[in-house]
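Chemist: What follows is the residue order along each chain.
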Amino acid sequence: MTFTLFLDLLAAGLITGGIYAIVAIGLNLQYGLMRVMNIAHGEFLMLGAFATYVMHTTFALDPLMTLPLSMAALFVIGLAVHRLVLHRLVHSSPDSDVFEGRSLIASFGLMFVVQNLALAIWGADLRGYPYLADPVEAAGVILPGNRLLVFAVVVVLSGVLMAVLRYSLVGKAIRAMMQAPLGAQLVGIDTRRLHPWCFAAGIALAGAAGALLSMVYEISPSMGQPYTITALIVITLGGYGSIFGSLVAGLLLGLVETFGTHFTSPSLKMVLSYAAFIGVLMFRPQGLFSR
Amino acid sequence: MIRRFVGGLAAALALACAAPASAQEAPVKIGYAIARTGPFAAGAQVSQEPNYLLWAEQVNAKGGLLVNGKRRPVELIGYDDRSDTETVVRTYEKLMNQDKVDLILPPWGTGQTFAVATLANRLGYPLIAPTATSRKLTDMKLPYVFTILQQPDQMMNALADMLVAKGVKTVAVLHIDDLFGLENVDALSKALAAHQIRVIEKKSYPLGVKDLSAVLKAVKEKNPDAFLGITYPPDTILVSKQSREIGFNPKVFYAAVGTAFPLYKQQLAGASEGVMGMGSWNVKTTAAAGEYFSAHVAKFQKEPDRWASAHAYASLQVLEQAVERVGLDRGRIRQAIAEGEFQTILGPMRFKDGMSTGVPGTVSQWQGGEFEVVWPKARATAAAIFPKPAW
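So the sequences go chain by chain: X and F. Here the first sequence stands for residues -2 to 288, where the numbers follow the working numbering. Here the second sequence stands for residues 3 to 393, where the numbers follow the working numbering.
It is worth saying that the hints were derived from the structure and are not from the lab. You can take every hint at face value.
Which stretches of chain F does chain X cover? Using the computed rule of at least three CB atoms under 8 Å from a CB of chain X, they are:
hint, region
1, 33 to 40
2, 45 to 52
3, 211 to 219
4, 232 to 240
5, 246 to 258
6, 262 to 272
Label-pair distances were calculated between CB atoms; the ranges are:
hint, chain 1, residue 1, chain 2, residue 2, range
7, F, Thr172, X, Glu134, 25 to 31 Å
8, X, Val167, F, Pro391, 51 to 57 Å
9, X, Thr55, F, Glu343, 43 to 49 Å
To spell it out: a stretch of chain X is covered by chain F in this simulated footprint if at least three of its residues, at any positions, have a beta carbon under 8 Å from a beta carbon of chain F; those stretches are:
hint, region
10, 3 to 15
11, 111 to 124
12, 130 to 144
13, 211 to 218
14, 253 to 265
The beta-carbon is built from N, C-alpha and C at its ideal position, and this holds for glycine as well.
Could you put together the complete structure from these sequences and hints?
Modeler: Below, the structure written as structure tokens:
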């Protein structure tokens, strides 16, 4: 194996892994921190992709510039979904285990609603737009501009999120709310406001992931589901509640796939990633970076 | 759903206004299930169901389907099969056994067609499949089942013949690891072996792949004359984009399904020039094909794809003409299809052993925004550009 080939594979693996990570981090905010088993996560990703697509093709806006807009739109949708669906469940569930089960059923229904809504509006066609398709070359490694951009945004977004959770007062409040809901209320944390905000932030991140994916891949209303599954694998691997764990696990899966398929066959992609998944869980059942 | 519902409502209202003329004639009920949701929806909604809707609208605009000298309106009864094989079978069972529809139209794709083929055959409903390509299907020799799309060996033989004519010596093959990919690769290998063309690399990949750059780089290292991808729509665009990114410029770049989609040229943004793929027609093929193209654009505000779309529409023309000849007796319709000749947008169409002989295997190529048929010479709408210009 030449050094250039190694760099090639490394870059391709990190970029694929970065995409996995950003999809997973949004779900980790919802499930890892709040136990909302949001099966419809991928559908919100799809909405983010379509929001970006519509803004780009209708108003010729740059997808990177509209990223905050897509995230804001999804944040609002997240608040609405929380008010309409989860709010009731939070208050009617006797404990968090029951809540987790109920949120799974509710979001399962939500998945169909959102997907069919998108089908009604946009139809089932594959869509897409070319964006930054020109390659960038460095040290003999050729990389597409759009994937590099996606990777950079993923690193920045997850970095910001980790810093907020670790150092800011809001971040500390969120962590407190998750560890001891009652205790958090006693020390004056407004959990009734924080809970929906945290969920909406997870949805907004799904929107960001969708916006980024639309720069690289074709989009359709049924694109979301496979990403939900990937996200579940990544957050389980990385550890529930650990943003850093999701980032590392996503990158790890990307690297395993790229190097593994290079030496075997792309057809074995799923075998390789599940082997890595099972391998890690055998030694660390709680995930790589569980708190 | 809302759009479809509103469309249906509008159609119903239009029908109600036009009703007095044919109020006494009962509609001809035509049932089908097709993917409106799920992974097959993208293919089904590009190549197949729009043609059902367009055809029904056009037939009804003429006053209806001519049955035993009387025009009867066509009523389509379409269900979403959710890309689920079990739903396909259950829906068709219901359509044929309980609803007793007059005719059925096929679902999308090889697998789903397989699922209903034996059922339709047993219950005696003729089925003309426009998106099924499998010798395994045609080899069953079901009397009521017809295929109107070219089969793997026809397409791959045409491709091999063209490669020979262009003096190609070495090829690299990348294929999807499902029935479609395996059958085509099998047919391709046989065709290439007969012409002493060497396959210097052969790799498979799974459905839903998101990155093939590592494989393509390895292929580029081996420098084949031709790259042949037996690929599905999202992957077709993926291999094309990634080959462009790494500067992989073989003399022939071929990708299978989806190259014929209007989305392809749009996604490649001007770099589609010279790319070859599975296609069989364009507006120059026949005058009727040009009219079909315009009608499709007018109704759906999007172009039909340059392969299966026209076959789907042609299958409906065959059915329409067969009914005009023999009425709604399904046994006689079957016989009419098996024995007759039909005028379609793809030219005269006949069937032999359940397979259409109207269109031979073809190769098409993007040239200046149109997907030109470049092989064989008899069907060609333009000469092939060889070697392919760099991306």
